[in-house]
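K.L.:
4 is the number of the first residue of the sequence shown in the working numbering; add one for each residue after it.
Heads up, a few of these hints could be off.
[Unchecked claim] Each computed DSBU-like pair below joins lysine-lysine, with the alpha-carbon atoms no more than 35 Å apart:
{"id": "1", "residue 1": "K135", "residue 2": "K85"}
{"id": "2", "residue 1": "K119", "residue 2": "K17"}
{"id": "3", "residue 1": "K119", "residue 2": "K135"}
{"id": "4", "residue 1": "K17", "residue 2": "K85"}
{"id": "5", "residue 1": "K135", "residue 2": "K17"}
{"id": "6", "residue 1": "K119", "residue 2": "K85"}
Calculated directly from the structure, the hints in this document are not laboratory data.
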Amino acid sequence: MYPKEASPQKQPPKGQWSTGLFDCWDDPSNCCFTCFCPCIAFGHIAETIDGGTISRTAASCIYYALCAVGCGGLYASTYRTKLRRLFSLPEEPCGDWLVHCCCCVCSLTQEYRELKNRGVDPTIGWEANVEKWNREGMTPPMVAPNMAR
Numbered sequence: 004m005y006p007k008e009a010s011p012q013k014q015p016p017k018g019q020w021s022t023g024l025f026d027c028w029d030d031p032s033n034c035c036f037t038c039f040c041p042c043i044a045f046g047h048i049a050e051t052i053d054g055g056t057i058s059r060t061a062a063s064c065i066y067y068a069l070c071a072v073g074c075g076g077l078y079a080s081t082y083r084t085k086l087r088r089l090f091s092l093p094e095e096p097c098g099d100w101l102v103h104c105c106c107c108v109c110s111l112t113q114e115y116r117e118l119k120n121r122g123v124d125p126t127i128g129w130e131a132n133v134e135k136w137n138r139e140g141m142t143p144p145m146v147a148p149n150m151a152r
């Protein structure tokens with residue numbers, strides 16, 4: 004039903020998720036990493052989605068602190084909403100906050116896969132992605148407020 008992998012040259016259709024919420028094992032290493040280190044995985048995603056305006060370390064620490072008081076899902080859901088807006092993705096299978104509160108690891112792995120399938124590598128950070136796109140002469144697959152940062 005969903006393509007397992009998409010190259011940066013062949014982007015997934017705008018308005019559709021490239022993988023499903025429960026396709027965690029499409030990328031086993033990311034799934035395991037996110038399961039054991041969700042704060043770090045979230046930091047990678049947040050820095051990328053925010054175009055480098057927040058560092059992965061700061062985002063990870065904020066997420067960790069909010070998880071400690073039971074609000075991590077609400078914070079992470081704001082980044083899912085931003086990701087959906089960047090790529091015009093539907094809010095499915097339910098609201099962003101509910102997806103994060105009930106299926107934290109699944110939602111983080113899906114967001115990571117979505118970025119990766121659209122030509123973005125969350126693990127290298129925003130600046131390194133911009134340098135990579137410039138070096139390859141590519142148009143960035145996503146437009147963020149601080150593209151030139």
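K.L.:
State for each hint whether it applies.
P.N.:
Each hint tested on the structure:
Restraint check: the Cα-Cα separation between K135 and K85 comes to about 23 Å, which is no more than 35 Å; the hinted pair holds. Restraint check for K119 and K17: satisfied, since their Cα atoms lie roughly 15 Å apart, inside the 35 Å limit. Distance restraint check for K119 and K135: the Cα-Cα separation of roughly 14 Å lies within the 35 Å cut-off, and the hinted pair is therefore satisfied. Of the supplied pair hints, the one linking K17 and K85 holds, its CA atoms being roughly 15 Å apart against a limit of 35 Å.
Straight-line distance between C-alpha atoms of K135 and K17 comes to about 22 Å, which keeps the hinted pair within the 35 Å bound. Simply put, K119 and K85 have alpha-carbon atoms about 16 Å apart, close enough for the 35 Å limit, and the pair holds.
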